[in-house]
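With chain U held as given, fit chain D onto it using these hints.
2 protein chains.
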Amino acid sequence: MRNLKITIQYNGKNYCGWQRQPNSLGIQGNIENAIYEITKEKVKLIGSGRTDAGVHAFGQVANFLINSNIPASKLPLAINSKLPKDISVIDCVEVDDNFHSRYSAIGKTYRYLIYHSQYRSPIYKDISYQVKYDLDIEKMKKEAKFLLGEHDFCGFMSSGSSVLDTVRTISDISIKTEEDLIIIEITGNGFLYNMVRIIVGTLVDIGRGKIDESLEDIISSKDRKRAGHTAPAHGLFLKKVYY
Amino acid sequence: MRNLKITIQYNGKNYCGWQRQPNSLGIQGNIENAIYEITKEKVKLIGSGRTDAGVHAFGQVANFLINSNIPASKLPLAINSKLPKDISVIDCVEVDDNFHSRYSAIGKTYRYLIYHSQYRSPIYKDISYQVKYDLDIEKMKKEAKFLLGEHDFCGFMSSGSSVLDTVRTISDISIKTEEDLIIIEITGNGFLYNMVRIIVGTLVDIGRGKIDESLEDIISSKDRKRAGHTAPAHGLFLKKVYY
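Line by line, the protein sequences are chains U and D. Note that my numbering has the first sequence beginning at 1, numbered continuously upward. Note that my numbering has the second sequence beginning at 1, numbered continuously upward.
Since the hints were made in silico from the structure, they are not lab data. Hints may contain errors.
Because identical chains cannot be distinguished in the list, a pair is counted as satisfied if it fits within a single copy or across any two copies.
Here are the simulated BS3-like cross-link-like pairs (lysine-lysine), alpha carbons at most 27 Å apart as the crow flies [as the list claims (entries may be wrong)]:
#, residue 1, residue 2
1, 74, 132
2, 42, 210
3, 85, 145
4, 239, 74
5, 139, 222
6, 225, 210
7, 145, 132
8, 132, 85
9, 132, 82
10, 125, 74
11, 74, 210
12, 132, 239
13, 13, 82
Here chain U stands alone, though its shape is the one from the complex (with noise of 0.2 Å):
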């Protein structure tokens, strides 16, 4: 059996997210289905991670596991051809036996993109959160330094999940403006449950002055009240991973 690694673009709009659903495909159903169209083989995606319904995806990474011969750069455009529009495998490669697309990982860079005005937009609709709001941008810049570092971040994270070991290390937040654009990209070697978009939900409430507290505090106390909102998921793209 060959081991193949595949990185996938794709729009999160019109899914159930990355995992197949009793009713619903997702992502991942719709890939393992092509991959059968093309190969007639019944494959296991394992993916990096899930990511929620409406979440987008630069490059999502997945590995699999096939007996076919076909070369991994013929794959690609094989499989795209018989994909819905809204996804696209864009790389493919052979990798070693050991590799596992989620255990393997030692790090991922996620995007949230906020389009920031009073008035919507035709461009970025699907694939931002729009916040009327006044924000006081240099505030979220210096309070969002405060998550660099290892913390415990169980105060950001969406109850429902079964992890144990809440702390994580963050190693590089940017917030830059572009326009009415903000674009927040956060690195780090792993995110809990809804973690990004908790972070970017209590950014954007301290931008605001909904919340006062610092972040420095707000991690410290654990607690999941004292964080802002969950900002919604078609402002979030995963955008790398990393091994």
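Below, chain D alone, put in the same frame as chain U:
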């Protein structure tokens, strides 16, 4: 009569362009109708210029005369409530009687997005031109500098235009890359019919080695046949109009 100036963002994908056509409202007609629904006045919208079918805008500008005394600041949300989701009025101010969106304009910035990959992009598919060839981007940047300054750009104009004076000044051009995206921005005092799209097509043809000639010589030849192809409409954005 009051003279109102509006700024408009739109995704041009589903439109025949800015202008009303016999069988289609265009962006212009949609906005005129929305203003009518709000004010019961039939206004005539004067755009800063037409955009072709499929072309997008971050900041198209138009003005119109109206009797209604509805405050300018209230109009964008009111108009947007009557517009399709892919058109949005993002600003409205009252201007001097003499202001004319087209004749008062002193310059424009256009943005063009190229998605540079063998594989299609679910995120950028409707707002970028996919180029699969290898591109010498450093060469494209170097050649682009020959566009700066005042030149007769008649070799960079599609037929069907009745313009007699084809001299234009380009004051700024930048080519930036961000992962698989190539972002080209061009600012000038005015642009001929399809000029930006022919400039982009020529830069792509230079970048992939299909055109060997320098852009300096192509410009001075004034020969449309020596310039490159017309890049497609859906990668083009009217970014800003200057007054």
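message = Hint by hint, where does the structure go against what was stated? Just the numbers, ascending.
response = 2, 3
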